[in-house]
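Engineer: Spelled out, the chains give:
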Amino acid sequence: MSVLIFIDHSDGQVKKGALEALSYGTQLAARLGVAAEGVLLGALPDAGQLGKYGVTKIHQVDNDALHHLDGQVFTAVIAQVVEATGAKVIVFSNNSDGKAIAPRLSARLKAAFVSGAIALPDTANGFVVKKSVFSGKAFANVSLNTEVKIIGLNPNSFAVTASGSGTAEVISFNATVDASKVKVLSTNKIKDEVPLGEAEIVVSGGRGLKGPENWGMIEELAKLLGAATACSRPVSDTHWRPHHEHVGQTGLAIAPNLYIAIGISGAIQHLAGVNRSKTIVVINKDPEAPFFKAADYGIVGDAFEVVPKVIEEVKKLKGVA
Amino acid sequence: MKILVCISKSPDTTAKIAFTDNNTKFATDGVQWIINPYDEWYALVKAIEIKEKDPATVIHLVTVGLADAEPVIRKALALGGDEAIRINAESQDSFYIASQIAEVARQGNYDLVFTGKETIDYNSASIGGMVAELLGLPYVSLALSFEINGTKAIIGREIEGGEETDEVEIPAVVSCQKGMAEARIPNMRGIMAARTKPLKVQEPVAADSLTSIVSFELPPAKAGVKMIPADNPGELVRILHEEVKII
Ligand SMILES: Cc1cc2nc3c(=O)[nH]c(=O)nc-3n(C[C@H](O)[C@H](O)[C@H](O)COP(=O)(O)OP(=O)(O)OC[C@H]3O[C@@H](n4cnc5c(N)ncnc54)[C@H](O)[C@@H]3O)c2cc1C
Ligand SMILES: Nc1ncnc2c1ncn2[C@@H]1O[C@H](COP(=O)(O)O)[C@@H](O)[C@H]1O
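Just so you know, the protein sequences line up as chains A and B, in that order.
Under numbering that gives the first Met the number 0, think of the first position of the first sequence as 0, with each following residue one higher.
Under numbering that gives the first Met the number 0, think of the first position of the second sequence as 0, with each following residue one higher.
Chain A extracted, bound-state conformation (with noise of 0.2 Å):
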């Protein structure tokens, strides 16, 4: 028995949904009164390391086909390190790569499957995990009813914690690789830029800015603050700012520790995919602006005038000239 964590990496980096999902593993693996062990696909440098955060064994396969994702092998490869370890829960970061694996594996397991957790699961009565559902405007509170259980966390709903200085022993794992169906073409990452989905602090524009000229100071302000940037849909569908960058409703669903709001008006399909952050700041000229009853700290105000200020008010913080 034991609870098995998906180490999703790239780039010879493991990503922060896998550390969350690390952290979110072993502390439930220390309540089940079991081990908590690592999965890893492909090759990563120093694995071993990861057991900082609580995980005791790694089981690798590393193989050509591992080198990209394709969903379909990587379930198949996974299915047989639950399989030889006899692992109860596994956990996933509900990420891009979580979203192409865990869902196939709960079918292929039969095992249930809930994505999106928020929290460690009950297990007073059964194994009930609390999940962000209509797009986090509310908390499902779903029984996972098999033996074999399944859990997606959420990215940036629990705290990464390094538990101890201990080293995971790493065991190579042998597998049945099938060739794969999917070639990678080509993959473009937006370099210095944190992605959007794991960032702490996400510095966002709307229509108010008027046009994508006016990018400047929210650029210069996200940089400050090391944040990525997004905007509001309206703002990516006439191309101001591009697709990746549109949360909402039906655009990322973020949930940062602070999230900055200038010249957006605060649509409740804006809201949906905002609303999990931990603070709200709104800059808005409107002082009826919806977006200040969502919000923590509201600045009622020009942008061009405000934002400025904000920046040289953050550089002396910083020190910077």
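Worth flagging that the hints you see were computed from the coordinates, not collected in a lab.
Glycine is no exception: its CB is placed at the ideal position from the N, C-alpha and C atoms.
Be careful, since some hints might not be right.
[Claimed, not checked] List time: in silico SDA-like cross-link candidates among lysine to any residue, alpha-carbon distance up to 20 Å: (1) A:K315 x B:D230; (2) B:K1 x B:S144; (3) A:K136 x B:N22; (4) A:K284 x B:M226; (5) B:K244 x A:E311; (6) A:K190 x B:G161; (7) B:K244 x A:L316; (8) A:K209 x A:H238; (9) B:K24 x B:T13; (10) B:K74 x B:E181; (11) B:K74 x B:K196; (12) B:K15 x B:Q31; (13) A:K314 x B:A229; (14) A:K284 x B:E234.
[Unchecked claim] To give a feel for the contact side, a few chain A residues facing chain B, derived at Cβ under 10 Å: (15) N94; (16) K98; (17) P102; (18) A106; (19) V127; (20) K130; (21) G151; (22) E199; (23) H242; (24) A252; (25) Q268; (26) N274; (27) F291; (28) Y296; (29) E311.
Since the structure of chain A is provided, determine the placement of chain B with the ligands on it from the hints.
Structural biologist: Chain B with the ligands only, in chain A's frame:
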């Protein structure tokens, strides 16, 4: 090309979220039902675009739902699509729904199965992956773009912090999101035509449910907004630094 598009109904995006029966059921009173936006704007419209390029394409729609799902499936037929299948069952368990869709897909021998990225009520993003596994097909999740290239498809998909372009063997299952296509409005001709398009109702096949919803909760209300004067943004920065300790 034979395409199956999965259509689910979801509450209108402005619907009030409330629960009844001791917080075990979504309160549907007064709720307007729409086609789940990802299914309509991206999955269905992409299928229509494929058919516009290659008129030999056949588009079937499938929904797992009771009779109250019919207005939504008719609207989907009005947008495009040749016929619809409604599996007469309602479930909140993804595996149960996926099992029904996989059965329809098996019977119909489709080249492509399109789903939306997720339903906007339960946000599971699971059905596509489950259907693909049940059919033993490749699955590309969170697709941003899609082109057919002979017996393969060229698909852009979301990855952390960027995009990846994959070449995938058909048949395949694809979950669709923004970027795939531009939203359309049904026209009068489509609405008239939809009335006579076949909508078959089939009983569900036996399948397991692996999960159940115990209860719903609303998030705690916010404490209220603290306003900061526009001429004193230093105060905002101070609060974020000293009190919230985030910058
Ligand atoms: C089915 C559906 C799904 C949708 N999904 C999404 C979604 O995922 N994400 C999303 O964002 N929207 C979505 N929308 C659209 C949503 O309803 C709103 O139309 C949209 O969010 C408005 O964007 P906005 O706030 O940038 O623009 P506006 O509503 O035009 O607001 C602009 C704001 O800027 C303020 N402003 C103007 N000038 C200044 C200035 N100089 N300084 C400071 N403030 C200023 C104004 O007071 C106003 O509040 C969806 C709509 C539908 C119907
Ligand atoms: N009841 C249903 N009937 C048909 N398709 C569905 C149903 N529920 C979900 N889907 C499809 O699966 C996608 C993902 O749904 P979900 O996994 O529930 O978030 C949706 O966008 C639909 O395309």
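Engineer: Against each hint, give a clear statement of whether it holds in the structure.
Structural biologist: Each hint tested on the structure:
no.	hint	in the structure
1	A:K315 x B:D230	holds, 16 Å
2	B:K1 x B:S144	holds, 19 Å
3	A:K136 x B:N22	holds, 14 Å
4	A:K284 x B:M226	holds, 13 Å
5	B:K244 x A:E311	holds, 19 Å
6	A:K190 x B:G161	holds, 9 Å
7	B:K244 x A:L316	holds, 13 Å
8	A:K209 x A:H238	holds, 13 Å
9	B:K24 x B:T13	holds, 18 Å
10	B:K74 x B:E181	holds, 17 Å
11	B:K74 x B:K196	holds, 11 Å
12	B:K15 x B:Q31	holds, 10 Å
13	A:K314 x B:A229	holds, 18 Å
14	A:K284 x B:E234	holds, 18 Å
15	N94	holds, 6 Å
16	K98	holds, 5 Å
17	P102	holds, 3 Å
18	A106	holds, 4 Å
19	V127	holds, 6 Å
20	K130	holds, 8 Å
21	G151	holds, 8 Å
22	E199	holds, 7 Å
23	H242	holds, 5 Å
24	A252	holds, 8 Å
25	Q268	holds, 5 Å
26	N274	holds, 8 Å
27	F291	holds, 5 Å
28	Y296	holds, 5 Å
29	E311	holds, 8 Å
When held up to the earlier numbered hints, the structure conflicts with none and fits them all.
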